[in-house]
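Colleague: Build the full structure now, drawing on both the sequences and the hints.
Protein chains in written order, with this note's numbering: chain A, 1400 to 1513; chain B, 32 to 145.
FYI, nobody ran anything at the bench for these hints, they're computed from the structure.
Here the structure is a predicted model, which means the values were calculated and not measured.
Even glycine gets a Cβ: it sits at the ideal position worked out from N, Cα and C.
Honestly, I wouldn't trust all of these hints.
[Unchecked claim] Listed next, with one range per pair, are the computed distances between beta-carbon atoms:
(1) A:1451 - B:48: 41 to 49 Å
(2) B:53 - A:1479: 39 to 47 Å
(3) A:1409 - B:36: 25 to 33 Å
(4) B:101 - A:1510: 35 to 43 Å
(5) A:1451 - B:47: 43 to 51 Å
(6) A:1481 - B:71: 23 to 31 Å
(7) B:73 - A:1453: 24 to 32 Å
(8) B:91 - A:1427: 20 to 28 Å
(9) A:1478 - B:84: 23 to 31 Å
(10) B:114 - A:1453: 45 to 53 Å
(11) B:43 - A:1478: 39 to 47 Å
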Amino acid sequence: AQSVTQLGSHVSVSEGALVLLRCNYSSSVPPYLFWYVQYPNQGLQLLLKYTSAATLVKGINGFEAEFKKSETSFHLTKPSAHMSDAAEYFCAVSERGSARQLTFGSGTQLTVLP
Amino acid sequence: DTAVSQTPKYLVTQMGNDKSIKCEQNLGHDTMYWYKQDSKKFLKIMFSYNNKELIINETVPNRFSPKSPDKAHLNLHINSLELGDSAVYFCASSQGGNPLYEQYFGPGTRLTVT
Chain A
1400 AQSVTQLGSH VSVSEGALVL LRCNYSSSVP PYLFWYVQYP NQGLQLLLKY TSAATLVKGI
1460 NGFEAEFKKS ETSFHLTKPS AHMSDAAEYF CAVSERGSAR QLTFGSGTQL TVLP
Chain B
32 DTAVSQTPKY LVTQMGNDKS IKCEQNLGHD TMYWYKQDSK KFLKIMFSYN NKELIINETV
92 PNRFSPKSPD KAHLNLHINS LELGDSAVYF CASSQGGNPL YEQYFGPGTR LTVT
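Modeller: Below, the structure is given as structure tokens:
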């Protein structure tokens, strides 16, 4: 069965600092991987997705993530945090070749300090 | 125009009552979903409909019954509400049931059962 683990339920960074949100997956076959963002009192919005076309995936708002099969990881990064990046971030996985839908991680709350 | 809308935004009710949450999407998508987000922000799919046909029905009490009158609507009816049903419920839609198609989420309905 597929699953994702997000290390760190809360991450704080200073404005302008590097953002690194960690996600590790467990899947019997190479999966599809996603990062979603949830701003306060809103629904989720897709940031980026990995579908095997390229291991480094660029998303919206300056975020990117790198798929590393050897580490079973899909960490989300942004070179310089902005106050508007404060939100909840979810990593999600879906298994290839099946009708299974998204399985979400437990989320990481990102706080950006002035 | 709001892409995926839900009503009501907040719902406070007593144990044992029956309530419904409505969802509408104006994106022309053929697949709609219901997710439950608990107090720890854990997000789990409940149902998925494709062209008004149920395609995913995760382990959810049969007190929960989705109804899709047409492709643009997916309502969630809950009978005999329990304290544990308190959560935020998100509706989402996508063009196609494959997880590679981006899912667009509604703003959520916060259900509180007292």
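Colleague: Hint by hint, note whether the structure agrees.
Modeller: Taking the hints in turn, this is what the structure says about them:
A hinted range of 41 to 49 Å for the beta carbons of residue 1451 (chain A) and residue 48 (chain B) is consistent with their spacing of about 47 Å. For the hinted restraint 39 to 47 Å between residue 53 (chain B) and residue 1479 (chain A), the CB-CB distance of approximately 41 Å keeps it satisfied. At roughly 31 Å, the beta-carbon separation of residue 1409 (chain A) and residue 36 (chain B) lies within the given 25 to 33 Å, and the hint holds. In this structure, residue 101 (chain B) and residue 1510 (chain A) meet the distance hint of 35 to 43 Å, their C-beta atoms being roughly 42 Å apart.
Distance hint check: the CB atoms of residue 1451 (chain A) and residue 47 (chain B) are about 49 Å apart, consistent with the given range 43 to 51 Å. A hinted range of 23 to 31 Å holds for the C-beta pair residue 1481 (chain A) and residue 71 (chain B), which are about 27 Å apart. Between residue 73 (chain B) and residue 1453 (chain A), the C-beta spacing of about 30 Å keeps the proposed range 24 to 32 Å intact. For the pair residue 91 (chain B) and residue 1427 (chain A), the supplied restraint of 20 to 28 Å holds, since their beta-carbon distance comes to about 25 Å.
With their beta carbons about 45 Å apart, residue 1478 (chain A) and residue 84 (chain B) fall outside the hinted range of 23 to 31 Å. Checked against the given bound of 45 to 53 Å, the beta carbons of residue 114 (chain B) and residue 1453 (chain A), roughly 47 Å apart, stay inside it. With their beta carbons about 43 Å apart, residue 43 (chain B) and residue 1478 (chain A) fall inside the hinted range of 39 to 47 Å.
The structure fails to meet hint 9 from the earlier list, while all remaining hints are met.
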